[in-house]
Amino acid sequence: MRIAVASGKGGTGKTTVATSLALCLAADRTQAQPAPDPQLFLDCDVEAPNAHLFLKPTFERRQEVGLPIPRVDEAKCTHCGKCAEVCQYHAIAVLGKKVLVFPQLCHGCGSCTLICPEHAISEVSDVMGVLESGTADSGIHFARGVMNVGEPMATPVIRQLKKWATPKPDQIVILDASPGTSCPVVESVRGADFLLLVTEPTPFGLHDLKLAVQVGRELNLSMGVVVNRDGIGDGGVDDFCETEGLPILMRIPFDRAIAEGIAQGRTLVEIRPEYLALFQKMFLQITERER
Amino acid sequence: MKIIITTVSPTIESEVDPRFGRGAYLLVVDLDTMEWQAHPNPGVSASGGAGIQAAQFVTEHKADAVISGDFGPHAFEALHAAGVPMYVFGDSHTAQDVIACFKAGQLKQVGAATREDCHHEGKT
Chain G
1 MRIAVASGKG GTGKTTVATS LALCLAADRT QAQPAPDPQL FLDCDVEAPN AHLFLKPTFE
61 RRQEVGLPIP RVDEAKCTHC GKCAEVCQYH AIAVLGKKVL VFPQLCHGCG SCTLICPEHA
121 ISEVSDVMGV LESGTADSGI HFARGVMNVG EPMATPVIRQ LKKWATPKPD QIVILDASPG
181 TSCPVVESVR GADFLLLVTE PTPFGLHDLK LAVQVGRELN LSMGVVVNRD GIGDGGVDDF
241 CETEGLPILM RIPFDRAIAE GIAQGRTLVE IRPEYLALFQ KMFLQITERE R
Chain C
1 MKIIITTVSP TIESEVDPRF GRGAYLLVVD LDTMEWQAHP NPGVSASGGA GIQAAQFVTE
61 HKADAVISGD FGPHAFEALH AAGVPMYVFG DSHTAQDVIA CFKAGQLKQV GAATREDCHH
121 EGKT
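As they're listed, the protein sequences go chains G and C.
Quick note on numbering: the working numbering labels position 108 of the first sequence as 108, and the sequence is numbered without any gaps.
Quick note on numbering: the working numbering labels position 92 of the second sequence as 92, and the sequence is numbered without any gaps.
Just so you know, these hints were derived from the structure itself, not from any lab.
Don't take every hint at face value.
[Claimed, not checked] Heads up, simulated DSBU-like pairs for lysine-lysine below, C-alpha to C-alpha not over 35 Å straight-line:
{"no.": "1", "chain 1": "G", "residue 1": "Lys98", "chain 2": "C", "residue 2": "Lys108"}
{"no.": "2", "chain 1": "G", "residue 1": "Lys163", "chain 2": "G", "residue 2": "Lys281"}
{"no.": "3", "chain 1": "G", "residue 1": "Lys98", "chain 2": "C", "residue 2": "Lys103"}
{"no.": "4", "chain 1": "G", "residue 1": "Lys82", "chain 2": "C", "residue 2": "Lys62"}
These numbers were taken from a predicted model, which means no experiment stands behind them.
Could you put the whole structure together from the sequences, leaning on the hints where they help?
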């Protein structure tokens with residue numbers, strides 16, 4: 001089962017919820033006999049991954065990640081322009097007797113290589129970042145992508161992270177997405193069995209929650225909401241969830257002690273152990289909705 | 001001599017459009033005959049690489065110079081590789097002003113991109 005945690009608005013508590021959900025399931029597992037496989041946690045926020053600060057894995061595997069970028073053999077090229085014509089992203093341009101490749105626009109689809117009648121195009125890997133994985137003391141299998149500074153495209157890194165860190169058939173996977181509702185989020189939550197949307201009860205939280213719900217609907221995902229910083233703002237998020245038939249699965253109060261603990265790198269279930277039971281309950285609700 | 005100017009509407013009386021890749025029209029002007037033709041900029045609706053598309057248009061029309069308000073890094077790289085000189089129109093407001101200033105040698109030629117990259121992530 002794959003549970004993706006996303007939010008729309010940034011800073012609402014995605015990682016807070018995702019890491020504590022993972023820890024609660026890990027604690028559950030150690031009590032069960034026989035113990036199932038520990039779950040897999042994927043930090044898909046490759047532009048600013050931070051879940052490792054809370055789950056503290058020891059990274060054991062590391063792999064560079066990149067895209068196949070075209071390289072043109074000028075000796076074979078006849079400047080026919082077919083490569084530039086086929087490229088949807090304008091990453092290759094034929095300008096008179098010159099061919100230019102713009103790696104930052106290239107999506108690595110390989111169309112130019114396939115269409116070149118002179119076989120003048122070969123592909124070289126353009127490294128965009130690294131994938132890392134390891135295990136935490138809690139038993140959680142952890143994997144993340146880290147994009148190199150200055151790289152504009154997160155999507156290929158996320159796509160390859162999901163492929164690289166393949167779960168076992170019955171393993172529970174928790175994916176921590178980046179904020180927003182653009183391509184990286186779509187790539188992160190695509191294929192999930194459940195989309196957990198973390199929001200705050202403010203007009204900003206509501207605005208971005210609405211966008212995130214649209215993404216979830218478009219991808220045909222089951223969804224539930226966690227209201228973080230409950231007690232601030234207004235009733236807009238509650239009203240929206242009721243109208244849209246979105247279950248509110250948890251409420252986390254606006255509490256200085258929680259904020260201080262998170263700032264020190266502690267997880268919600270460490271700061272407030274009573275949340276272990278609440279996360280377990282939420283997980284059961286999610287699995288029941290799935291059945 | 002053939003030049004291309006970015007304009008807001010498809011006539012030679014038009015105001016200039018300060019954007020190269022996403023300027024509304026590309027006005028192709030033959031300075032010897034003063035014949036002109038306006039083409040919709042192919043880059044306008046691109047999700048990314050607008051400047052590159054517009055630069056390809058410029059080379060396909062074999063322009064001897066291109067005049068706009070602004071050249072991004074991709075457009076600059078492409079036009080530079082193609083050997084097309086780039087000029088910025090400064091205070092000129094209409095295409096006709098621009099042509100007059102260009103003929104008088106009053107426009108500044110650009111030796112580097114005039115603005116930072118704007119990163120667009122295309123749809124996958």
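So, going through the hints one by one against the coordinates:
1. Our distance criterion of 35 Å between C-alpha atoms is met by G:Lys98 and C:Lys108, whose separation comes to about 26 Å.
2. Between the alpha carbons of G:Lys163 and G:Lys281 the distance comes to roughly 30 Å, so the proposed pair stays at or under 35 Å and holds.
3. A distance of roughly 29 Å separates the Cα atoms of G:Lys98 and C:Lys103; the hinted pair therefore holds under the 35 Å criterion.
4. For the proposed pair G:Lys82 and C:Lys62, the alpha carbon gap of about 19 Å is at most 35 Å, so the pair holds.
When held up to the earlier numbered hints, the structure conflicts with none and fits them all.
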